[in-house]
Amino acid sequence: MLKQRATSLTLQVLFAVLALPMVVWAGGGAGFIDAGKFALLIQMGVGIGIIILAWIIKDKMGIPLPKIIQAPIIWVAAYIVFRFVLQPPIPFSLLAIYMAVVTIACFLYVSLSQPSWEEFTSPIKFMLQEDSGKAKMSRYFTFAAIPLLLAYGTYNKMLPKFDEPIELRTVHPAPPASINVHDKVLNLQTAENPFRIDDSGKYLKVGLESVYHGKNPFAADAPKFLQSVRDGGGVFFGTAGCFFCHGDNLDGRGPFAFAFNPIPANFADPGTIAQLQETFVFWRVAKGGPGLSREAFPWASAMPPWEKHLTTNEMWQVILFEYWHTGFFPRTWD
Amino acid sequence: MRSFNDPRKAKIGAGVLLGVIGLLLLLPFIPLQAGAEEAKKEAAAGTEQKVEKAKDVFYKGEGEFGIVSGPPAPTLKYPDDYGTYGTFQSRTILWVANQQHLYFGSFVLAVPMFVFVMELVGMMQKDKTMAKKYDDMAHEMMKISLTAYSITAVLGGILIFTFLALYPGFFGYLSKIFKPIMHVYALLFILESGTLYIYYYGWDRMNDGGFLKWVHLSISFLLNTIGIILMFFANSWIAFMMSPAGVDEKGRFLGDIWKAVHTALWHPLNIHRILGNAAFGGGVVAAYASYRLLAAKTPEEKAYYDWMSYVAMFMGILNLIPLPFAGYWLMREIYGYRQQMGITLMGGLLAWVFIMQAMMIAILFVSTNYYLWQAMGRMPGAERYYRFFKYMLLVLIVSTIAWLTPHTLVMTPAELKAMGGAQHPVVGNYGVMSAKNTAINIMISTTVLCFCIYQRCNKVPTVKWAAMGNAFLGALFTGAAINIVFLGIYGYFIPANVRIGLSVPQVCTTLTCLFVGVTVNTMMLKNARQLGEVRWGQMSPRGAYALFLLAVSFTWTMAVMGYLRSSVRLHWHVNEVLRDNSPWAFTNPLGYAGNINSMNVLLFWTMLLFVFWLGALSAKKAHVTAEETAGVGKATIPAGSH
Numbered sequence: 446m447l448k449q450r451a452t453s454l455t456l457q458v459l460f461a462v463l464a465l466p467m468v469v470w471a472g473g474g475a476g477f478i479d480a481g482k483f484a485l486l487i488q489m490g491v492g493i494g495i496i497i498l499a500w501i502i503k504d505k506m507g508i509p510l511p512k513i514i515q516a517p518i519i520w521v522a523a524y525i526v527f528r529f530v531l532q533p534p535i536p537f538s539l540l541a542i543y544m545a546v547v548t549i550a551c552f553l554y555v556s557l558s559q560p561s562w563e564e565f566t567s568p569i570k571f572m573l574q575e576d577s578g579k580a581k582m583s584r585y586f587t588f589a590a591i592p593l594l595l596a597y598g599t600y601n602k603m604l605p606k607f608d609e610p611i612e613l614r615t616v617h618p619a620p621p622a623s624i625n626v627h628d629k630v631l632n633l634q635t636a637e638n639p640f641r642i643d644d645s646g647k648y649l650k651v652g653l654e655s656v657y658h659g660k661n662p663f664a665a666d667a668p669k670f671l672q673s674v675r676d677g678g679g680v681f682f683g684t685a686g687c688f689f690c691h692g693d694n695l696d697g698r699g700p701f702a703f704a705f706n707p708i709p710a711n712f713a714d715p716g717t718i719a720q721l722q723e724t725f726v727f728w729r730v731a732k733g734g735p736g737l738s739r740e741a742f743p744w745a746s747a748m749p750p751w752e753k754h755l756t757t758n759e760m761w762q763v764i765l766f767e768y769w770h771t772g773f774f775p776r777t778w779d
Numbered sequence: 013m014r015s016f017n018d019p020r021k022a023k024i025g026a027g028v029l030l031g032v033i034g035l036l037l038l039l040p041f042i043p044l045q046a047g048a049e050e051a052k053k054e055a056a057a058g059t060e061q062k063v064e065k066a067k068d069v070f071y072k073g074e075g076e077f078g079i080v081s082g083p084p085a086p087t088l089k090y091p092d093d094y095g096t097y098g099t100f101q102s103r104t105i106l107w108v109a110n111q112q113h114l115y116f117g118s119f120v121l122a123v124p125m126f127v128f129v130m131e132l133v134g135m136m137q138k139d140k141t142m143a144k145k146y147d148d149m150a151h152e153m154m155k156i157s158l159t160a161y162s163i164t165a166v167l168g169g170i171l172i173f174t175f176l177a178l179y180p181g182f183f184g185y186l187s188k189i190f191k192p193i194m195h196v197y198a199l200l201f202i203l204e205s206g207t208l209y210i211y212y213y214g215w216d217r218m219n220d221g222g223f224l225k226w227v228h229l230s231i232s233f234l235l236n237t238i239g240i241i242l243m244f245f246a247n248s249w250i251a252f253m254m255s256p257a258g259v260d261e262k263g264r265f266l267g268d269i270w271k272a273v274h275t276a277l278w279h280p281l282n283i284h285r286i287l288g289n290a291a292f293g294g295g296v297v298a299a300y301a302s303y304r305l306l307a308a309k310t311p312e313e314k315a316y317y318d319w320m321s322y323v324a325m326f327m328g329i330l331n332l333i334p335l336p337f338a339g340y341w342l343m344r345e346i347y348g349y350r351q352q353m354g355i356t357l358m359g360g361l362l363a364w365v366f367i368m369q370a371m372m373i374a375i376l377f378v379s380t381n382y383y384l385w386q387a388m389g390r391m392p393g394a395e396r397y398y399r400f401f402k403y404m405l406l407v408l409i410v411s412t413i414a415w416l417t418p419h420t421l422v423m424t425p426a427e428l429k430a431m432g433g434a435q436h437p438v439v440g441n442y443g444v445m446s447a448k449n450t451a452i453n454i455m456i457s458t459t460v461l462c463f464c465i466y467q468r469c470n471k472v473p474t475v476k477w478a479a480m481g482n483a484f485l486g487a488l489f490t491g492a493a494i495n496i497v498f499l500g501i502y503g504y505f506i507p508a509n510v511r512i513g514l515s516v517p518q519v520c521t522t523l524t525c526l527f528v529g530v531t532v533n534t535m536m537l538k539n540a541r542q543l544g545e546v547r548w549g550q551m552s553p554r555g556a557y558a559l560f561l562l563a564v565s566f567t568w569t570m571a572v573m574g575y576l577r578s579s580v581r582l583h584w585h586v587n588e589v590l591r592d593n594s595p596w597a598f599t600n601p602l603g604y605a606g607n608i609n610s611m612n613v614l615l616f617w618t619m620l621l622f623v624f625w626l627g628a629l630s631a632k633k634a635h636v637t638a639e640e641t642a643g644v645g646k647a648t649i650p651a652g653s654h
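Quick note, the sequences are listed as chains A and B, same order. Per the working numbering: the first sequence = residues 446 to 779. Per the working numbering: the second sequence = residues 13 to 654.
Bear in mind the hints are in silico, worked out from the structure with no lab data behind them. Being a predicted model, the structure only gives us computed values, none of them experimental. The beta carbon of each residue, even a glycine, is placed where N, CA and C say it ideally should be. Don't take every hint at face value.
[Said to hold, decoys possible] Selected chain A positions facing chain B (in silico; Cβ < 10 Å):
1. ILE502
2. ASP714
3. THR724
4. GLU740
5. LEU755
6. PHE774
[Stated by the list, open to error] Listing some non-contacts, in silico: residues in chain A with all C-beta distances to chain B over 10 Å:
7. VAL491
8. PHE537
9. ALA550
10. SER567
11. MET572
12. THR587
13. LEU593
14. ASN601
15. LEU604
16. HIS627
17. GLY646
18. ARG698
19. PRO715
Work out the full structure, taking the sequences as your base and the hints as a guide.
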C-alpha cells in the first residue's frame with residue numbers, strides 16, 4: 446500500500462516538475478519563450494521537485510533521513526543542478542561560488558536548532574568516541590579517507606594543465622569624459638543622440654520611443670524617428686555590415702561571430718546595451734577595440750573603429766536602430 | 013572637587029561645564045568665517061588692484077569664478093616627491109596605516125553613540141534593576157572605548173608621519189588648501205579628549221538619577237556631536253580627493269574653504285559613514301560581549317553578557333538595515349558626479365570588488381538570522397517555530413545566490429565559448445540590478461520576519477484580535493514578498509532609468525514590513541501569556557560565534573569598500589587635478605587587495621582583542637548580583653531589547 450502510494454506520489458511530482466515548462470513551451474512556442482527562459486523554468490522545476498521529493502520521503506512516507514545523510518544529499522543535488530541541469534554550463538568560478546554558498550547553507554541547516562545539531566553530531570561523536578567494532582571501523586575508514594582525499598586534491602592541483610588562463614575581462618569599461626570624433630569634441634556625459642526626436646522634431650525622452658516599437662519603418666508615412674531607424678538599419682545591414690558579426694537578430698551570432706574570441710556583443714541580452722547610455726555605445730562604435738580604455742585589459746575586442754568608415758550621423762542612426770530592434774531603452778542618469 | 017559635595021554648586025558647575033563645551037563647538041565656524049572675511053578683503057582689494065579669477069571645477073552658475081588664492085597642483089615626480097622604505101610599496105604602507113586609524117577612529121566614534129543610546133534607555137527604564145544593567149553596560153563600554161581612544165591617537169600620529177614621509181608632495185598640496193580646517197580638527201580632538209574624560213570619570217559622581225544625570229547624558233550628546241564633526245572634517249578631505257571643488261582645473265585654490273569642503277560626495281559619504289559607524293559599533297560591542305560570554309565562568313556573568321550581546325546586536329542591525337539605502341544614494345551621487353567613476357565601480361574595473369562586498373553583506377544578514385535562530389534556543393516555547401527555520405534559510409540562500417551572481421564572469425576563453433557569450437542566458441538574469449534589489453529586499457524582509465518570530469516565540473498573544481492580527485501579519489509578509497518579486501521581474505521589461513526608480517517601492521515595501529510588522533507584532537504581545545522566562549546565558553556557542561562573524565564581516569566590508577572608494581580615483585591623488593606619478597599608480601589585482609584587506613582586518617582584531625582583554629582584566633567586580641540576575645527574566649524585557 447505504502448509502496449503504491451509512494452510510486453503514485455513520485456509520478457505526480459515528476460509530472461508536476463515536467464508539466465509546467467512543457468505547457469509553457471507548447472502553449473507559447475519558441476516565439477514566446479526563448480531557450481534561456483526555458484532552461485530557467487526547467488531548473489526551477491527540478492529544484493522544486495527535489496524539495497517535494499524530500500518532503501514526501503520524510504513526512505509522507507515516514508522514512509527517516511538523519512541530518513548527516515540529508516546534508517550531503519542537499520549538497521550533491523545542488524551540484525547536479527548547477528553543474529548539469531543548468532545549461533549552457535556555467536564557468537567554474539561561478540560554480541565554486543554557488544557550491545561554497547551551498548556548503549555554508551548545509552552547515553547552517555544542520556545546526557539550525559540545538560536538537561538538529563545534536564542529531565547531526567551524534568554519529569560523528571559515536572564514530573570518534575565509542576569503542577564498538579562499528580565505531581572503530583568507521584573511524585579507521587574516516588582517518589584513512591581524509592589524507593587520501595587531501596592527496597587527491599594536491600595531485601589535482603599539481604597536475605600540469607594546458608587550459609587557457611582565466612580572464613577577468615572588463616565587459617563595460619568606463620568611458621573617457623569626452624572623445625574627439627571627426628574633429629569635434631563630444632562630451633559623453635551630456636551628449637544626446639540627434640536622431641532621438643519626436644514627430645515635431647523635439648528631443649524624445651528615453652522610454653517614450655516605445656510608441657514606435659513594432660511599427661513599420663518602411664511605411665511611406667513613417668515618422669522621423671522611424672525614418673532614422675530605417676537608415677540605421679541600412680547601416681547595420683548594408684554600409685557597415687554589422688550583422689556579419691552581431692547577427693541579423695542582433696544576438697551576437699552572425700556568420701563571422703565564432704571566428705572571434707570573445708564572440709561579439711549580444712545586443713538582445715538585457716546585460717549589454719540595455720545597461721548603457723547611448724553615448725557609451727557611441728564611444729564603442731566610433732573608437733572600437735583600439736580605442737578601449739586602459740582598464741579594459743586585455744583589450745580583447747575585434748570591433749573596428751567605425752569613425753574611419755561611417756559619418757557621425759550614421760553611427761547615431763545605427764545606435765537608434767539597435768535599441769529599436771531589441772526593444773530596449775538606453776540608460777539615463779536622471 | 014569639594015564643590016561636588018554641595019548639590020547646588022555641583023549642578024551649577026555641571027551646567028557651566030556643559031555650556032563651555034557647547035560654546036567650544038563653535039570652533040569649526042572660525043575658519044569658514046575667517047575664509048569669508050579674507051575673500052571679502054581680497055574682493056575689496058580687487059577693486060583697487062587686479063586679481064586673477066578662475067573657474068571652479070565643480071561649482072557652476074553663481075560663484076563659478078573665484079579669486080585664485082593658491083599655487084597650482086604640483087606635477088609630482090618620482091622619486092623626488094615620494095618617499096620609500098626600502099623595496100616596500102609606499103602605497104601599501106599608507107593603506108595599512110590609514111585603515112587601522114580609520115578602524116579605531118570608527119570604533120571611538122561608534123561606541124559613544126551606542127553608549128549614549130544605552131544610557132538614555134537606562135534612564136527611561138522604570139525597573140531599577142534594568143536601569144542599572146543598561147547603565148553598567150554603557151559604563152563598561154565607555155571604559156573599553158577609553159583604551160581604544162589612545163590607540164586611535166597613536167595611529168593618527170603614525171598616519172600623519174606616513175603621509176609626510178612617503179607622500180610629502182601630495183600632503184603638502186592638500187594641507188595648503190585645508191590648513192585652517194586641519195588646525196580646527198586638531199583643536200576639536202583636544203576638546204573631544206577633554207569631554208570624553210569628563211564623561212567617563214564623572215559617571216559615578218553625576219549618577220544622581222536627576223539633574224546631574226541629565227547633564228551627564230548631555231555631555232555624551234556633545235561628545236558624539238564633536239566626534240561626528242571630526243568625522244565630517246576627515247570626510248571632506250577624502251571627498252575632495254574624489255570630487256574636488258573650490259579649485260580651478262589647474263588645482264589652484266579659489267579662496268572659499270566651504271566650497272572645498274562641501275563637494276559633490278561629502279554629504280553622501282557623511283550619511284553613509286554615520287550609519288556604517290553605528291552598525292559597526294553595535295557589531296563590535298556584540299563581539300566583545302560574545303567574547304566575555306564564551307569566557308564567562310559563572311551563570312550570572314553568562315546571563316549578563318548574553319543579554320549584552322543581544323542588545324548590541326539589535327543596535328547594530330537597526331543601523332545596518334538603512335545602510336544599503338544610504339549606499340544607493342552614495343552610488344547615485346557618484347554616477348551623477350562622473351559617469352566613468354560609476355561605471356568603473358559598478359560595471360567596469362572594480363565590479364568584482366562589489367561581489368566581495370555582496371558576499372560580506374550576505375554573511376551579515378545570514379549570520380543575523382542564524383543568531384536569532386540560536387537565540388530562540390533559550391526561549392521556552394520557541395520549539396513551535398523550529399520547523400519554519402529551514403524555509404527561511406532556503407529563502408535567504410536563494411536570495412544570496414542571486415545577490416552574489418556577478419555580471420562580469422571570471423572564465424577561461426573555452427568556458428566563454430561554451431557559454432556562447434559573455435552573459436549566461438539563465439544566470440545572466442541575476443547579474444543585473446533588478447535581481448540584486450529583489451534579493452536584498454527579500455533578505456531584509458526575512459530578517460524582519462525572523463525578528464517578529466523571536467519577539468513572540470516564548471509568548472502567546474491574548475488580545476482579542478490575535479487571530480486577525482496573525483492573518484494580517486501573514487498577509488503583510490506574503491504580500492510584501494510578492495510585491496518585491498513582481499517589481500523585480502517587471503524591472504526587466506522597462507528602461508534602465510525607470511528600473512532604478514523601482515527600487516523605491518521595493519524599499520518602501522521592506523520598510524513597511526519593518527515598521528508595520530514589528531508594531532503590530534509588538535501590540536499583539538501586550539499582556540501576552542508567557543510560556544517561560546528567557547534563559548539568559550544559555551545561548552549556544554554557535555550563536556556567540558555568529559556574532560563574531562557578524563562583527564568581522566562588518567570590518568571586512570569596511571576594508572573592502574574603503575579600498576574600492578579609494579581605488580576609483582585610479583591614477584589620481586585628487587581626481588583630475590593632482591596626478592599620482594608614483595610607480596604604484598595602478599589598480600591592484602583582486603587577490604592582492606583581498607590579502608591586504610584580510611591582513612588589515614586581522615591586525616585590527618588582534619589589537620581589539622588586546623583592548624577587550626584589558627577591559628576584562630580590570631573588571632573583577634560582578635556586574636550583577638544573584639538577585640538582580642534572577643530579576644532579569646521576571647522584569648519586563650525592555651522594548652529596545654526584545
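Outcome of the hint check:
1. A hinted interface residue such as ILE502 of chain A counts as satisfied when its beta carbon comes closer than 10 Å to some beta carbon of chain B; here the least separation is about 15 Å, so the hint is violated.
2. Taken as an interface hint, ASP714 of chain A checks out: its beta carbon lies about 5 Å from the nearest beta carbon of chain B, inside 10 Å.
3. Interface hint at THR724 of chain A: satisfied, since its Cβ lies 8 Å from the closest Cβ of chain B, which is below the 10 Å cut-off.
4. The closest approach between the C-beta of GLU740 of chain A and any C-beta of chain B is roughly 4 Å, which is under the 10 Å cut-off, so the hint is satisfied.
5. With its C-beta approaching chain B no nearer than about 24 Å, LEU755 of chain A sits outside the 10 Å limit, and its interface hint is violated.
6. Hint status for PHE774 of chain A: holds, given a least beta-carbon distance of 3 Å to chain B, under 10 Å.
7. Residue placement check: VAL491 of chain A keeps its beta carbon more than 10 Å from all beta carbons of chain B (closest about 12 Å).
8. Residue placement check: PHE537 of chain A does not keep its beta carbon more than 10 Å from all beta carbons of chain B (closest about 7 Å).
9. A Cβ of chain B approaches the Cβ of ALA550 of chain A within 10 Å, the least distance being about 4 Å, so the stated non-interface status is violated.
10. For SER567 of chain A, the requirement that its beta carbon stay farther than 10 Å from each beta carbon of chain B is met, with the minimum near 16 Å.
11. The beta carbon of MET572 of chain A sits about 21 Å from the closest Cβ of chain B, which is more than 10 Å, so the claim that it is off the interface holds.
12. The non-interface label for THR587 of chain A is consistent with chain B: the shortest C-beta to C-beta separation is roughly 23 Å, beyond 10 Å.
13. With 10 Å as the threshold on Cβ separation, the claim that LEU593 of chain A sits away from chain B holds: the shortest Cβ distance comes to roughly 29 Å.
14. At the 10 Å boundary, the C-beta of ASN601 of chain A stays outside the reach of chain B, the nearest C-beta of that chain being 17 Å off.
15. No beta-carbon of chain B comes within 10 Å of the beta-carbon of LEU604 of chain A; the shortest separation is about 16 Å.
16. HIS627 of chain A, annotated as away from the interface, keeps every beta carbon of chain B farther than 10 Å; the closest lies near 22 Å.
17. Distance check for GLY646 of chain A against chain B: the nearest CB is about 22 Å away, which clears 10 Å, and the non-interface claim stands.
18. Its closest Cβ contact with chain B, about 8 Å, brings ARG698 of chain A to no more than 10 Å, contrary to its assignment away from the interface.
19. Separation of PRO715 of chain A from chain B is inadequate, the least Cβ-Cβ distance of about 6 Å not exceeding the 10 Å criterion.
Going down the numbered hints, you'll see the structure goes against 1, 5, 8, 9, 18 and 19, while the others check out.
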